[in-house]
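Based on the hints, put chain W in the right spot on chain D.
Residue numbers (my numbering), protein chains in the order written: chain D, 1 to 400; chain W, 1 to 400.
Some clues are possibly wrong.
Below are the DSSO-like pairs computed for lysine-lysine, each with C-alpha atoms no more than 30 angstroms apart in a straight line [what the hints assert, rightly or not]:
hint : chain 1 : residue 1 : chain 2 : residue 2
1    : W       : LYS158    : W       : LYS174
2    : W       : LYS399    : W       : LYS245
3    : W       : LYS155    : W       : LYS182
4    : D       : LYS182    : W       : LYS174
5    : D       : LYS352    : W       : LYS155
6    : D       : LYS217    : W       : LYS5
7    : D       : LYS399    : W       : LYS150
8    : W       : LYS5      : W       : LYS284
9    : D       : LYS338    : D       : LYS320
10   : D       : LYS174    : D       : LYS217
11   : W       : LYS200    : D       : LYS363
12   : D       : LYS399    : D       : LYS200
13   : W       : LYS352    : D       : LYS176
14   : D       : LYS154    : D       : LYS399
15   : D       : LYS399    : W       : LYS284
16   : D       : LYS399    : D       : LYS182
17   : W       : LYS62     : D       : LYS200
18   : D       : LYS327    : D       : LYS158
19   : D       : LYS363    : W       : LYS109
20   : W       : LYS327    : D       : LYS399
21   : D       : LYS148    : W       : LYS200
22   : W       : LYS399    : D       : LYS155
These are calculated hints, taken from the structure and not from any lab test.
Protein chains: 2
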Amino acid sequence: MAFLKVVPLERALNIVNSLPLNAKIEEIPLENALGRILAEDVTSPVNVPPFDRATVDGYAVKSENTWNANESNPVRLKVIGEVHAGEEPNIEINSGEAVYISTGAVLPKGTDAVIEFEIVDREGDEVLIYKPIYPQAGVMKAGTDIPKGKLLLKKGMKLGFKETALLSAVGLEKVKVFAKPKIAIISTGNEVILPGEELKPGKIYDINGRALNDAVKELGGDPHFLGIARDNEESLRTKILEGLKYDIVLLSGGASGGTRDLTASIIDELGEVRIHGIAIQPGKPTIIGVINEKAIFGLPGYPTSCLTNFTLLVAPLIRKLLGGEFKIEYTRKRLTHKVFSVKGRRQFLPVKIKEETAIPIMKGSGAITSFINADGFVEVPENVEILEEGEEVNVILFKF
Amino acid sequence: MAFLKVVPLERALNIVNSLPLNAKIEEIPLENALGRILAEDVTSPVNVPPFDRATVDGYAVKSENTWNANESNPVRLKVIGEVHAGEEPNIEINSGEAVYISTGAVLPKGTDAVIEFEIVDREGDEVLIYKPIYPQAGVMKAGTDIPKGKLLLKKGMKLGFKETALLSAVGLEKVKVFAKPKIAIISTGNEVILPGEELKPGKIYDINGRALNDAVKELGGDPHFLGIARDNEESLRTKILEGLKYDIVLLSGGASGGTRDLTASIIDELGEVRIHGIAIQPGKPTIIGVINEKAIFGLPGYPTSCLTNFTLLVAPLIRKLLGGEFKIEYTRKRLTHKVFSVKGRRQFLPVKIKEETAIPIMKGSGAITSFINADGFVEVPENVEILEEGEEVNVILFKF
Numbered sequence: 001m002a003f004l005k006v007v008p009l010e011r012a013l014n015i016v017n018s019l020p021l022n023a024k025i026e027e028i029p030l031e032n033a034l035g036r037i038l039a040e041d042v043t044s045p046v047n048v049p050p051f052d053r054a055t056v057d058g059y060a061v062k063s064e065n066t067w068n069a070n071e072s073n074p075v076r077l078k079v080i081g082e083v084h085a086g087e088e089p090n091i092e093i094n095s096g097e098a099v100y101i102s103t104g105a106v107l108p109k110g111t112d113a114v115i116e117f118e119i120v121d122r123e124g125d126e127v128l129i130y131k132p133i134y135p136q137a138g139v140m141k142a143g144t145d146i147p148k149g150k151l152l153l154k155k156g157m158k159l160g161f162k163e164t165a166l167l168s169a170v171g172l173e174k175v176k177v178f179a180k181p182k183i184a185i186i187s188t189g190n191e192v193i194l195p196g197e198e199l200k201p202g203k204i205y206d207i208n209g210r211a212l213n214d215a216v217k218e219l220g221g222d223p224h225f226l227g228i229a230r231d232n233e234e235s236l237r238t239k240i241l242e243g244l245k246y247d248i249v250l251l252s253g254g255a256s257g258g259t260r261d262l263t264a265s266i267i268d269e270l271g272e273v274r275i276h277g278i279a280i281q282p283g284k285p286t287i288i289g290v291i292n293e294k295a296i297f298g299l300p301g302y303p304t305s306c307l308t309n310f311t312l313l314v315a316p317l318i319r320k321l322l323g324g325e326f327k328i329e330y331t332r333k334r335l336t337h338k339v340f341s342v343k344g345r346r347q348f349l350p351v352k353i354k355e356e357t358a359i360p361i362m363k364g365s366g367a368i369t370s371f372i373n374a375d376g377f378v379e380v381p382e383n384v385e386i387l388e389e390g391e392e393v394n395v396i397l398f399k400f
Numbered sequence: 001m002a003f004l005k006v007v008p009l010e011r012a013l014n015i016v017n018s019l020p021l022n023a024k025i026e027e028i029p030l031e032n033a034l035g036r037i038l039a040e041d042v043t044s045p046v047n048v049p050p051f052d053r054a055t056v057d058g059y060a061v062k063s064e065n066t067w068n069a070n071e072s073n074p075v076r077l078k079v080i081g082e083v084h085a086g087e088e089p090n091i092e093i094n095s096g097e098a099v100y101i102s103t104g105a106v107l108p109k110g111t112d113a114v115i116e117f118e119i120v121d122r123e124g125d126e127v128l129i130y131k132p133i134y135p136q137a138g139v140m141k142a143g144t145d146i147p148k149g150k151l152l153l154k155k156g157m158k159l160g161f162k163e164t165a166l167l168s169a170v171g172l173e174k175v176k177v178f179a180k181p182k183i184a185i186i187s188t189g190n191e192v193i194l195p196g197e198e199l200k201p202g203k204i205y206d207i208n209g210r211a212l213n214d215a216v217k218e219l220g221g222d223p224h225f226l227g228i229a230r231d232n233e234e235s236l237r238t239k240i241l242e243g244l245k246y247d248i249v250l251l252s253g254g255a256s257g258g259t260r261d262l263t264a265s266i267i268d269e270l271g272e273v274r275i276h277g278i279a280i281q282p283g284k285p286t287i288i289g290v291i292n293e294k295a296i297f298g299l300p301g302y303p304t305s306c307l308t309n310f311t312l313l314v315a316p317l318i319r320k321l322l323g324g325e326f327k328i329e330y331t332r333k334r335l336t337h338k339v340f341s342v343k344g345r346r347q348f349l350p351v352k353i354k355e356e357t358a359i360p361i362m363k364g365s366g367a368i369t370s371f372i373n374a375d376g377f378v379e380v381p382e383n384v385e386i387l388e389e390g391e392e393v394n395v396i397l398f399k400f
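If we strip away everything but chain D, and leave its shape as in the complex, we get (with noise of 0.2 angstroms):
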């Protein structure tokens, strides 16, 4: 393994975004397409609606033959026959005729408009009209709500209970979407153990595996937990080979520095560590690899570390995966408290957030509760040793 620098973190995602992986587009039915995201801008293949189409139960009409209408004077239209919704009408009006029509259904040949029931009058065979309409009253034109070929919906967003509607309006039964990357999760230390497991002397109970686990699911990945690897070379090697199969491997560290050390010489055998150290706190141990055009990472153990650089690092290769842009997101917060740092790291603090304010979280990063009761973290940067109260910040939300 060559010697690894500590390198920026402006640097370490420069080779995040480089690592061999794009973002691969899947074709799947629209019933379970919410929640996905669009790989292709859609337009619709019909019209909608796909004919002229009463719009109220009445009688289809020449317009014209209602102009001379009024309230002592009716127009006496003869009522030829009846369309109802779903039927393909075979009828066709001369002038003087009309068609009993119901809501939905096909505006019939000769007819351009359709009069509610309510207020005309039936005699037999006969319907009296009071009052002229105008021609398109009562229809709506083929093609008025949606034309055929009208761009729908924009790649890259993705699909709530309106769009996948809009797709069914419009008779599309499969849509292409972003492929969930397959993200594999593997938890290390002697001394984790899973829930449910008994709690012997010396054991701790696994938070990262289902932290990790449950943040890629709802940034819209497929999570693949594959349990607890022990800190000795052949349980981390098998996990590492299992989690090949998968598109990302993320390792989260045991407490002991030699599992980081092993895990980077495991990975060294089996492809290459392209960074091995970034200069920011929490992170600092942080390994990014590449076996077989298959990422992975080594993150932190303490779980507000696991996940801030899980956030700044991972997360945006997730994104950029499902068709979105590589890039952190921040928002601008006012901090509730003063912050002190050390000058010349780079730090990321957890913090709540209320409103337009981050508060500070002050426990040790070792706590689990400063990660659970975290809404993000803000930065400092290296040349600030101070962030005084009431200064507005850079907050990067644990939001996915």
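What follows is chain W alone, placed relative to chain D:
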């Protein structure tokens, strides 16, 4: 069927709220819990950490042994063993002794502090300490992160990745959540076909089936789309009977008024119609009934009308079945344009939301595009004819 009057919205909501449906609770594995609603308060069954835990790699010592240490006269302690993360230590130290300890390991008996290996020297089996350390330095005491019995999460909260991680941290492999209400969805109409089918003359593609299915899913319910019932008694009865396997049946009307009467008479035959018409627009023809303790809603056919009534009447019921409050959620926005309404009618008009404003959508409710563009709808009270530009109004969001 008893003669049923059109009722005010408040009365309709009271009737919906008194339907014989109640929230159900189920226990599920933690790995499926993301996004579900907690049905119990959760307290921690364990201390976190479960033992006094080293937070650095170094030497576990009796802190009082170091109090005389300084740069020129280091204290020398005899290293009598090692303890690593995950191990149960069976070492007890006496005054003048130390134990090598790795991060995450259990503090051995007789020790009360850990000094980092970077700031000491090792000579053979002795460690040289150059400065005093205080009790609990380098140690996280048992239960200081989360004490056993602490209230962690409250009933009714939605589980995000931080909450599932917290449940994992305290070793809970199962969690009680509100069961997703099972909701059957039926579209009706002779003219309605499903996406992927051939668009023959007179036919249109279904919209409401997909819209209701996916809106229910976004709300946290479990939708089952049963396809399309035709405008005849047998087809409607068959689909309604199939729907009664679920908790709630949502029918969305075909365009025809006749279907509504058929639906009402089938409900009346199988159970009881509780509402046949609500004094709102859109929504006047809405039917609400009960069959064998299952609720059945006959919603309007036009997409905007259908989803408006779903949001007003069905969404509060689903929220209640998921442990929440039965209520309509309003937000306040400013109108960008004057809106005319009809005095004596309580109207709901589709609007697009842009920041703090609501932009009225003036297309007819028959247009799919007016539904697709709407983010919600504004309420125009009965006694109001005009809402002025800039006026603050009640908006109900299509937000599930």
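Hint check:
no.: 1; hint: W/LYS158 with W/LYS174; verdict: 15 angstroms, holds
no.: 2; hint: W/LYS399 with W/LYS245; verdict: 27 angstroms, holds
no.: 3; hint: W/LYS155 with W/LYS182; verdict: 21 angstroms, holds
no.: 4; hint: D/LYS182 with W/LYS174; verdict: 25 angstroms, holds
no.: 5; hint: D/LYS352 with W/LYS155; verdict: 21 angstroms, holds
no.: 6; hint: D/LYS217 with W/LYS5; verdict: 48 angstroms, violated
no.: 7; hint: D/LYS399 with W/LYS150; verdict: 26 angstroms, holds
no.: 8; hint: W/LYS5 with W/LYS284; verdict: 11 angstroms, holds
no.: 9; hint: D/LYS338 with D/LYS320; verdict: 35 angstroms, violated
no.: 10; hint: D/LYS174 with D/LYS217; verdict: 23 angstroms, holds
no.: 11; hint: W/LYS200 with D/LYS363; verdict: 66 angstroms, violated
no.: 12; hint: D/LYS399 with D/LYS200; verdict: 35 angstroms, violated
no.: 13; hint: W/LYS352 with D/LYS176; verdict: 27 angstroms, holds
no.: 14; hint: D/LYS154 with D/LYS399; verdict: 23 angstroms, holds
no.: 15; hint: D/LYS399 with W/LYS284; verdict: 41 angstroms, violated
no.: 16; hint: D/LYS399 with D/LYS182; verdict: 20 angstroms, holds
no.: 17; hint: W/LYS62 with D/LYS200; verdict: 25 angstroms, holds
no.: 18; hint: D/LYS327 with D/LYS158; verdict: 18 angstroms, holds
no.: 19; hint: D/LYS363 with W/LYS109; verdict: 26 angstroms, holds
no.: 20; hint: W/LYS327 with D/LYS399; verdict: 27 angstroms, holds
no.: 21; hint: D/LYS148 with W/LYS200; verdict: 16 angstroms, holds
no.: 22; hint: W/LYS399 with D/LYS155; verdict: 22 angstroms, holds
Figure legend: structure checked against the earlier numbered hints; hints not met, in rising order: 6, 9, 11, 12, 15.
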